[in-house]
Amino acid sequence: MADKPLLEVRDLKVEFRTGREIVKAVNGANFTANPGKTLAILGESGSGKSVSAQTIMRLLQIPPGAITGGTAMFHGVDILKMPMDEWRQMSGKKMAMVFQDALASLNPVFTVGWQIAETFRIHGECSRSEAFDRAGALLERVGIPAARDRVKDFPHQFSGGMRQRVMIAMAVALKPDLLIADEPTTALDVTVQAQIMDLIKDISKESGMSVILITHDLGVVVDVADTVAVMYAGRVVEGGNVIDVLKQPAHPYTLALLRSAPQAREKGERLQPIFGSPPDLANLPTGCSFHPRCAFATDICRRQAPPIKSVAEGRISECHHAETVHHEPVHA
Amino acid sequence: MTTVTTTPTSGEAEAVIIRRAQPWWQLLWRDKFACVAAVWLTVLAFCLIIGPELLGDTATQLNLRARNAAPGFDNGPMWILGGDPLGRSLLARLIVGARNTISVALTAVFIAMTVGGTLGMVAGYVGKWVSHVIMRLADVVQSFPSLLLAVIVLYMLEPRVGNLIIVLATTRTPIYLRVTRAEVLEIRERVFVDASRALGSGRFHILRNHIAPIVAPTLLTIMTVDFASVMLSESGLSFLGIGIQPPAITWGLMVAQGRNYLAQAWWLAFFPGLMIMFATLSANILSSWLRLATDPVQRWRLETHKKEEDDK
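Chains as they are written, first to last, in the numbering used here: chain A, 1 to 332; chain B, 1 to 312.
Quick caveat, the hints were computed from the structure, so don't treat them as lab data. Quick caveat: nothing in here was measured; it's all calculated off a predicted structure. We put the beta carbon where it would ideally sit given N, CA and C, even for glycine. Please note: incorrect hints may appear among the correct ones.
Going by beta-carbon spacing under 10 Å, a handful of chain B positions derived as facing chain A [as the list claims (entries may be wrong)]:
1) S146
2) L149
3) E186
4) R190
5) A195
6) S196
7) G200
8) T218
9) L220
10) T294
11) R301
12) E303
Calculated pairs, DSS-like style, for lysine-lysine (alpha carbon to alpha carbon, straight line, at most 27 Å) [what the hints assert, rightly or not]:
13) B:K32 with A:K13
14) A:K81 with B:K128
15) A:K267 with A:K247
16) A:K152 with A:K247
17) A:K201 with A:K175
18) A:K81 with A:K13
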């Protein structure tokens, strides 16, 4: 991809300072969102994916959070160092976010129409009545039946999937260049999940909007993403084209994830869980942070943090044994 | 909370729309308690507006035959609730006293709520340092006995209605301040605040549009409860002679003056006390109704109330 990246995050480091310890939530994450493409950030709970997203959206609470390093270049400027006033002009307009829990993300005392119209009013786009009109049109676009009547409904009168549609309508109202979707389908059931993902995909295709999709769901990643960044203990341990990464992973963590995912292929087939638990972010293991759970771990993994290796065209992996893993079949 | 909701089919959605169109007076009519409270408050408002003009003379007219007269019809319709030690009509005095009583209490409570609410929002949302200054100021006001503060201030300044209101409001402000701050601290962590920030809204916008509407019903409820205690504080100050000055009348002053005659003429203190109680009770009932009626999540309780009764 020769395109200039839309958002380039380099060496992002975020810490939380609690009373006694420092929790290192993000430890030098690198990822890139290309224009019009979808990047999936894949990782388990506590891998730092949501914190990264919040940091980029400047929603991180400081303190206890603290950005200790890194840059996020968006349209050629580092948004992490931008003054808050300037950022407010951009957020919502250039970059928007969809949250996991749609009910909690909507104010219970206002109608959804009011809340969508709020987006226009914040940025002084148009008059009150016009904003309301456009809110109705947006609701229609995200596939809410009888949208023009439902603008006067309150969030609790919508179902879970509908609420997430409303959130998407709010986020894309000003046609942002980048949409960050933080586990948008986690709280929904599977059929609705697919509809919501399709909606995001459609809108992104229509307007050329890039999407950063934060998820722990492998199925969703395969379905919608172009590139993927696998996060573990606050670092992106593997990155590249979705199909390549999931077919021939070059990091033991990705491999283990794929092997542990339930796939109804054969009756009686056993899942292979990842043993152990995610590392304590306040006391990361020495060397490679995955080594205590890794089947490929050797002495060097315990002593030395792995370098970023390029295993193939556009593929990176942070593993001492990346080449070995790369040639390992996913399903033994 | 409603976490499980079903997708309404289009038919259901229409039904919802029809129900929503129900105007507020129908909702009020369904809740009989709230209805009575509203009527009573309307009567009081009426007394407040035209009472002194209508009955001002009657309230000060002496009738020595009716000195400390017991409630009854012996002395004519205006003395139905009895007469005070100078034979003035108790009923007329209650009606005339409504203006001073309610306007002092209402203004004081309203100022306390506005000031306390605003400072509380600032303390809850703006940085730590500002919050500390505001909270310590509130501590100072609260740790000072309110009656003592009132006595000192009103002794140094003139005991005028304006000063009385300011003193009453000052001593009440910390309550609103603390409650507002506590609520703001909770609400600011909610996801919809983050969502609004992600859309690019500033602090003022969030405070005004997302936090204030959620804090408001709580403040309204405290306000109605506070209404009574402010009336009583005012009567205490009037009793000490630094509140409302006698020829002017307030219910609190009437209670205070009637206390001397409690053994011989209980009605002197009883009826003004009853007025204070009913006014507060009505305000309370109506405010809790208002709380439900303005809360979109709770409103259905008022709407379905009648149906359940019909089913029985």
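These are the hints, each one checked on the structure:
1. With a cut of 10 Å, the hint placing S146 (chain B) at the interface with chain A is violated, because the nearest CB-to-CB distance is about 34 Å.
2. Proximity of L149 (chain B) to chain A is violated relative to the hint, the smallest CB-CB distance being about 37 Å (cut-off 10 Å).
3. Against a cut-off of 10 Å between C-beta atoms, the interface hint on E186 (chain B) is violated, since the closest Cβ of chain A lies about 13 Å away.
4. Given the 10 Å rule on beta carbons, the hint for R190 (chain B) holds: about 6 Å separates it from the nearest Cβ of chain A.
5. Checking A195 (chain B) against chain A: minimum C-beta separation of about 4 Å stays under 10 Å; hint holds.
6. Hint on S196 (chain B) holds. Least Cβ distance to chain A is approximately 7 Å, under the 10 Å limit.
7. A hinted interface residue such as G200 (chain B) counts as satisfied when its beta carbon comes closer than 10 Å to some beta carbon of chain A; here the least separation is about 4 Å, so the hint holds.
8. Evaluation of the T218 (chain B) hint against chain A yields a violated restraint, the C-beta minimum of about 13 Å exceeding 10 Å.
9. Interface hint status for L220 (chain B): violated, as the beta-carbon distance to the closest one in chain A is roughly 14 Å, over 10 Å.
10. Restraint check, T294 (chain B) versus chain A: the minimum CB separation of about 8 Å is within 10 Å; hint holds.
11. The criterion of a C-beta within 10 Å of any C-beta in chain A is not met by R301 (chain B), whose closest approach is roughly 13 Å, and the hint is violated.
12. A least Cβ separation of about 13 Å between E303 (chain B) and chain A goes past the 10 Å threshold, and the interface hint is therefore violated.
13. Straight-line distance between C-alpha atoms of K32 (chain B) and K13 (chain A) comes to about 61 Å, which puts the hinted pair past the 27 Å bound.
14. Our distance criterion of 27 Å between C-alpha atoms is met by K81 (chain A) and K128 (chain B), whose separation comes to about 22 Å.
15. Taking the CA atoms of K267 (chain A) and K247 (chain A), the gap is about 22 Å. The hint holds against a cut of 27 Å.
16. As the CA atoms of K152 (chain A) and K247 (chain A) are separated by approximately 47 Å, the hinted pair breaks the 27 Å bound.
17. Restraint check: the Cα-Cα separation between K201 (chain A) and K175 (chain A) comes to about 14 Å, which is no more than 27 Å; the hinted pair holds.
18. Taking the CA atoms of K81 (chain A) and K13 (chain A), the gap is about 14 Å. The hint holds against a cut of 27 Å.
Checked against the numbered hints above, the structure breaks hints 1, 2, 3, 8, 9, 11, 12, 13, 16 and satisfies the rest.
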